[in-house]
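In case you want the letters, here they are:
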Amino acid sequence: MANLAAVVGIGQTSYTTKRDDVSIAGLVREAAVNALDDAGLTFKDIDAVILGKAPDMFEGVIMPEIYLTDALGCNGKPMLRVHTAGSVGGSTALVAASHVQSGTFKRVLTVAFEKQSESNAMWALSNPQPFSTHLNAGAGGYFAPIIREYIRRSGAPDEVGIKVAVKDRLHGARNPLAHLQLPDITMEEVAESFMLWDPIRYLESCPSSDGACAMVIANEELADKASKRPAWIRGVAMRSEPTMYAGREEVNPQAGRDCAADVYAQAGIKDPRQDLDVAEVYVPFSWYEPMWLENLGFAPKGEGWKLTMEGATSLIDGGDIPWNPSGGVLSSNPIGASGMIRFAEAARQVRNDAGDHQVPGAKLALGHAYGGGAQFYAMWVVGSEKS
Amino acid sequence: MKEIAIVGYQQSDCVSDAGALNEVELIIPVLERVFEQVGISNAQDVDFVCSGSCDYLQGAAFAFVLGVDALGAVPPIKESHVEMDAAWAFYESILKIRMGHADSALIYGFGKSSPGELPIVLSQQLDPYYLAPQWVDTISLAALQARLMLDQGKITERDMAEVVARSRRNALNNPHAQLKGDVTADEVLAEETYLSPLRKADICPVSDGASAAVICTVEKAQEWGLPYAVITGIDHIIESHNPGMRDLTDSVSTRKAAENAGMGEGKVDVAEFYAPFSHQEIILTRALGLGDDTSINPSGGVLAGNLMMASGLSRIGEVFNRIVRGEADRGLAHTTSGPCLQHNLVAILEKGEAA
Amino acid sequence: MSEEKSMSEQHEIITGIEAPIYLKYNFTAGAAPTRFLAQLKKGKLTGQCRAEPGAPVYVPPRGSCPATGLPTEQEVEVSDKATVQSFTIVHIPIPGNPIEPPFVVANLVADGANISFIHLMSECDNAEVHIGQRVQAIWKPEDEWDYAMDNIKYFKPIDEPDVPVEQIGKLPVTGLEG
Amino acid sequence: MSQPDILNQAFELGFTYTRSTGPVVGRFLTELKKRNIVGIKASDGRVVVPPMEYDPDTAEALSDFVAVGQEGEVVSFAWVKHPREAHPMDKPFAWALIKLDGADVPMVHCIAAKQESDVSTGARVKAVWADDTIGFITDIRCFELVKE
Chain A
12 MANLAAVVGI GQTSYTTKRD DVSIAGLVRE AAVNALDDAG LTFKDIDAVI LGKAPDMFEG
72 VIMPEIYLTD ALGCNGKPML RVHTAGSVGG STALVAASHV QSGTFKRVLT VAFEKQSESN
132 AMWALSNPQP FSTHLNAGAG GYFAPIIREY IRRSGAPDEV GIKVAVKDRL HGARNPLAHL
192 QLPDITMEEV AESFMLWDPI RYLESCPSSD GACAMVIANE ELADKASKRP AWIRGVAMRS
252 EPTMYAGREE VNPQAGRDCA ADVYAQAGIK DPRQDLDVAE VYVPFSWYEP MWLENLGFAP
312 KGEGWKLTME GATSLIDGGD IPWNPSGGVL SSNPIGASGM IRFAEAARQV RNDAGDHQVP
372 GAKLALGHAY GGGAQFYAMW VVGSEKS
Chain B
2 MKEIAIVGYQ QSDCVSDAGA LNEVELIIPV LERVFEQVGI SNAQDVDFVC SGSCDYLQGA
62 AFAFVLGVDA LGAVPPIKES HVEMDAAWAF YESILKIRMG HADSALIYGF GKSSPGELPI
122 VLSQQLDPYY LAPQWVDTIS LAALQARLML DQGKITERDM AEVVARSRRN ALNNPHAQLK
182 GDVTADEVLA EETYLSPLRK ADICPVSDGA SAAVICTVEK AQEWGLPYAV ITGIDHIIES
242 HNPGMRDLTD SVSTRKAAEN AGMGEGKVDV AEFYAPFSHQ EIILTRALGL GDDTSINPSG
302 GVLAGNLMMA SGLSRIGEVF NRIVRGEADR GLAHTTSGPC LQHNLVAILE KGEAA
Chain C
59 MSEEKSMSEQ HEIITGIEAP IYLKYNFTAG AAPTRFLAQL KKGKLTGQCR AEPGAPVYVP
119 PRGSCPATGL PTEQEVEVSD KATVQSFTIV HIPIPGNPIE PPFVVANLVA DGANISFIHL
179 MSECDNAEVH IGQRVQAIWK PEDEWDYAMD NIKYFKPIDE PDVPVEQIGK LPVTGLEG
Chain D
180 MSQPDILNQA FELGFTYTRS TGPVVGRFLT ELKKRNIVGI KASDGRVVVP PMEYDPDTAE
240 ALSDFVAVGQ EGEVVSFAWV KHPREAHPMD KPFAWALIKL DGADVPMVHC IAAKQESDVS
300 TGARVKAVWA DDTIGFITDI RCFELVKE
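Protein chains in written order, with our numbering: chain A, 12 to 398; chain B, 2 to 356; chain C, 59 to 236; chain D, 180 to 327.
Note that these hints are calculated values from the structure, not bench results.
By construction, the Cβ of each residue, glycine as well, lies at the ideal position given by its N, Cα and C atoms.
There may be inaccurate statements among the hints.
Claimed, not checked - In silico lysine to aspartate or glutamate, DMTMM-like type, Cα no more than 25 Å apart, as pairs:
1. A/Lys117 / B/Glu4
2. C/Lys82 / D/Glu239
3. A/Lys117 / A/Asp56
4. A/Lys312 / C/Glu224
5. A/Lys117 / B/Glu260
6. D/Lys212 / A/Asp31
7. C/Lys82 / D/Glu264
8. D/Lys213 / A/Asp32
9. B/Lys257 / D/Glu239
10. C/Lys228 / A/Glu261
11. C/Lys82 / B/Asp18
12. D/Lys213 / D/Glu252
13. D/Lys270 / B/Glu4
14. C/Lys214 / A/Glu160
Stated by the list, open to error - Computed footprint of chain C on chain D; a stretch qualifies when at least three of its residues, placed anywhere within it, have a C-beta under 8 Å from a C-beta of chain C:
15. 191-205
16. 209-222
As the list claims (entries may be wrong) - Listed next, the stretches of chain D that the computed footprint assigns to chain B, with coverage defined by at least 3 CB atoms under 8 Å from CB atoms of chain B:
17. 226-232
18. 251-260
19. 265-274
20. 279-288
21. 310-323
Could you put together the complete structure from these sequences and hints?
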């Protein structure tokens with residue numbers, strides 16, 4: 012079996028449209044130093060660095076680990092670069108964990124980032140190639156028809172997407188690092204916001220952010236001696252399926268269901284809504300909350316939206332299973348880092364270190380990321396106890 | 002710690018232009034052969050899959066996504082990707098097996114470098130403020146490195162030409178090689194310089210293609226009844242990005258990675274280096290203190306064909322091939338990334354005990 | 059140092075740069091897409107599948123049957139009539155595309171195919187577009203045909219009964235009635 | 180199955196990235212705009228040009244700027260007979276590692292020279308400035324040989 016490993020340090024930058032005060036190295040470095048400070052460590056204490064980000068075209072720096080070696084104190088150490096599309100932040104955390112869980116390393120640093128302001132994500136995601144139709148208007152254009160099909164199947168009312176958009180922004184207003192700070196947002200405001208890709212409205216979409224997230228992951232012996240409470244890694248799972256194949260279930264992808272089943276089995280979770288205290292789930296468009304509630308087994312098929320409408324996923328409404336108390340991807344989206352932020356925020360919750368967005372007494376949390384056309388999944392479950 | 006072995010390795014021919022083939026069409030034939038070699042149907046029969054590729058080679062974001070279409074990933078599989086040479090996907094896969102989440106793994110790398118101007122494309126992996134905006138290409142940086150060695154009397158142009166001549170001759174026995182021939186050092190030296198002090202022959206060609214390997218626990222290899230080579234050690238180390246801060250005439254990180262991988266614990270019969278430039282092979286050989294009793298780049302190395310993003314995995318595959326064919330008992334495979342040998346990986350492979 | 063001078067120096071401080079990165083590629087369509095595009099140049103919409111009975115038909119083909127990872131060697135002609143599997147009404151411009159918003163981009167499954175492709179819908183009331191709706195290709199004039207999916211300008215609704223949702227993606231080349 | 184025709188089409192993948200520099204890179208570029216060159220002191224006291232943000236050996240953030248000369252010595256060079264379109268010159272030129280006076284670590288830049296034999300390791304070179312300096316690495320248009 013895998014060796015025990017735990018998150019012993021977490022560092023983030025604040026998230027914003029444009030971090031015009033730092034270089035790419037400076038941005039990444041800030042999260043790394045914050046994670047080391049949180050762990051009471053320095054770069055000398057780190058055995059390897061695992062770096063993640065989404066496509067190199069966002070910053071126009073090919074294989075940026077090569078240039079970022081010095082900023083991450085990695086000269087003379089192993090450096091690995093992960094890229095699994097939008098799930099990369101989560102996948103990177105999993106690869107970092109495997110460095111320790113394999114018994115190969117004692118303590119590693121993992122960092123994920125995006126400095127989207129250096130380019131234009133829409134351009135980078137839909138740069139037209141010869142011989143192909145150029146109609147894929149960014150991620151929203153891809154996901155909108157899938158959302159429409161979910162609405163048709165479930166019969167969910169229009170307010171569901173609006174409610175998630177409001178809930179996550181109210182959560183984000185409790186998180187000083189969140190990009191969007193909208194403490195007064197209302198259902199009306201979201202409903203009246205510009206329709207981008209029908210049925211996705213502007214305020215039902217994630218922002219485009221600069222930012223970085225970092226974690227220090229240590230083995231059992233070092234985690235036992237950590238200065239702050241560790242978040243023990245209780246389960247890790249990843250799944251992929253092809254983007255398009257005949258008969259693919261796009262609304263409720265099998266890769267997501269299988270990945271969840273795998274990570275729950277490792278963590279001893281039978282009923283995720285009952286057994287987990289909080290979840291940080293990759294929801295870049297508001298309708299993906301009800302969709303993932305079903306995909307991840309928190310609600311029966313077709314009924315995810317009911318949990319949302321009941322307030323079950325709202326920290327502020329005192330829901331039994333808060334989703335994205337940090338504000339989630341809807342409040343901050345530095346793409347390459349977004350998955351790692353989910354993983355790190357799950358860890359903050361079980362370390363009882365999430366400030367104003369702490370779920371009281373959280374002991375077991377899910378971190379989730381997905382990417383591509385929702386065909387890549389990465390998940391972990393972290394707990395305040397070893398088992 | 003679990004003993005892990007390689008049980009299969011296949012690659013495409015190194016070709017200067019794969020023509021109409023797209024990524025998935027490059028990968029499928031290689032995977033078909035490695036599945037056949039190991040006796041499995043597709044990626045469903047291994048526990049983990051990891052690949053290496055680079056979007057900028059062909060100029061498309063998420064190039065690796067198409068790779069999944071070659072795997073038979075329905076039902077969904079455990080899969081990951083590094084934006085690095087597939088040798089690092091190999092490394093990640095080993096960690097996955099060591100942690101007990103897999104007993105077997107498929108690793109593949111692919112690249113179609115022909116559509117772009119590779120040395121200029123790769124200039125954009127340099128520091129984005131000081132170096133990339135100057136468009137310093139990778140060949141020019143290597144030429145600076147070669148001149149340092151020449152000026153310091155560490156090598157002669159003839160030493161470099163001899164590396165080239167040996168590569169061409171060795172490649173005669175490599176069915177996948179792009180450049181091969183019975184060439185002498187004198188003939189190489191008779192060529193004019195291209196990017197002085199480098200001649201064209203000192204520089205690896207641009208190649209399109211793919212490679213794939215299957216690894217598993219030794220127990221699994223024995224259960225499958227396959228010949229195998231045990232991976233007894235593997236490590237990789239990156240150095241400072243600033244070429245001015247490094248001793249470019251040595252490769253400290255290769256030496257340290259080889260030590261950590263346990264190179265010194267036995268004789269090295271064969272070494273396959275990822276040396277895209279002739280002088281770099283000399284740097285690497287010396288950094289590891291290898292002598293006449295080690296066969297260096299018997300495949301011809303990457304001077305005979307360089308499948309970007311797959312060549313590192315190919316070095317491992319070439320050593321594996323020689324061990325299972327009984328030509329070597331123990332070998333070393335090396336991979337590099339970044340300008341002037343900035344990042345280096347070393348794996349040690351040994352003949353497995355008969356089942 | 060005078061205050062004035064330090065002000066002017068402040069003004070000159072560089073905090074950002076523009077870094078143009080333009081790379082040239084010679085893009086090559088894959089072998090499978092090339093066969094598909096060659097048929098489009100003749101005004102035919104084709105799909106590809108594994109050479110085995112009942113194998114799913116992919117339009118456009120990309121070189122493999124993704125579910126199995128096997129090459130799609132068999133070419134089959136599909137209809138230019140299709141069914142709306144889902145759609146979005148896009149209200150923002152697509153970079154590098156001249157179409158004015160709002161416009162409908164639909165996931166369409168051609169009769170005889172088993173997977174959807176995306177294309178424009180036009181000559182329709184955006185508010186009336188719905189899942190299961192029947193549409194047909196409107197082709198450009200023959201002398202403008204090239205190796206491109208754009209040979210089909212858009213799809214427009216036709217007067218045929220809606221396809222039940224369970225049957226979308228499963229129709230034979232002859233359509234619902236066939 | 181017959182080999183299909185090959186369909187080729189040229190395309191350009193491009194974007195003008197807007198990079199923020201942070202204080203260290205920004206300081207260097209600001210000085211370039213004023214036609215000055217500054218380096219930074221690494222933890223071991225070596226002066227590095229252009230200034231690195233972080234020390235490779237200690238990982239410390241660096242901040243101790245040092246003015247260096249506009250002349251220096253060629254540490255190594257590569258003669259480009261066939262300049263590429265992206266290269267800074269369309270005639271043959273040299274890429275070089277140049278150690279500026281007052282610096283300990285060489286920097287990569289280009290040298291304009293008529294022919295390869297004019298350049299040698301150890302040769303003295305001096306910076307040639309662009310007509311308009313804007314705060315970019317190419318404000319130093321190139322280096323040229325100093326006539327002894």
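Against the structure, the hints:
1. A/Lys117 / B/Glu4: Given that 25 Å is the threshold and the Cα spacing comes to 20 Å, the pair holds.
2. C/Lys82 / D/Glu239: Judged against 25 Å, a Cα distance of about 39 Å means the pair is violated.
3. A/Lys117 / A/Asp56: holds, 9 Å
4. A/Lys312 / C/Glu224: Answer holds: A/Lys312 to C/Glu224 is near 17 Å, not above 25 Å.
5. A/Lys117 / B/Glu260: Cα-Cα ~19 Å, so holds.
6. D/Lys212 / A/Asp31: Holds, at about 19 Å.
7. C/Lys82 / D/Glu264: Since the Cα atoms of C/Lys82 and D/Glu264 sit roughly 11 Å apart, the hinted pair holds (cutoff 25 Å).
8. D/Lys213 / A/Asp32: holds, 21 Å
9. B/Lys257 / D/Glu239: holds, 23 Å
10. C/Lys228 / A/Glu261: Satisfied, since the Cα-Cα distance of roughly 16 Å is no more than 25 Å.
11. C/Lys82 / B/Asp18: The given pair, whose Cα atoms are some 16 Å apart, holds under the 25 Å limit.
12. D/Lys213 / D/Glu252: Holds - the C-alpha atoms of D/Glu252 and D/Lys213 are around 22 Å apart, at most 25 Å.
13. D/Lys270 / B/Glu4: violated, 57 Å
14. C/Lys214 / A/Glu160: holds, 21 Å
15. 191-205: holds (count 11)
16. 209-222: n = 3 at 8 Å, threshold three: holds.
17. 226-232: This one holds; 3 residues, not fewer than the three required, reach chain B with a Cβ under 8 Å.
18. 251-260: holds (count 7)
19. 265-274: This one holds; 4 residues, not fewer than the three required, reach chain B with a Cβ under 8 Å.
20. 279-288: Per the Cβ count (5), the hint holds.
21. 310-323: Three-residue rule met by the stretch 310-323 of chain D, so holds; n is 3.
Against the hints set out earlier in the document, violations occur for numbers 2, 13.
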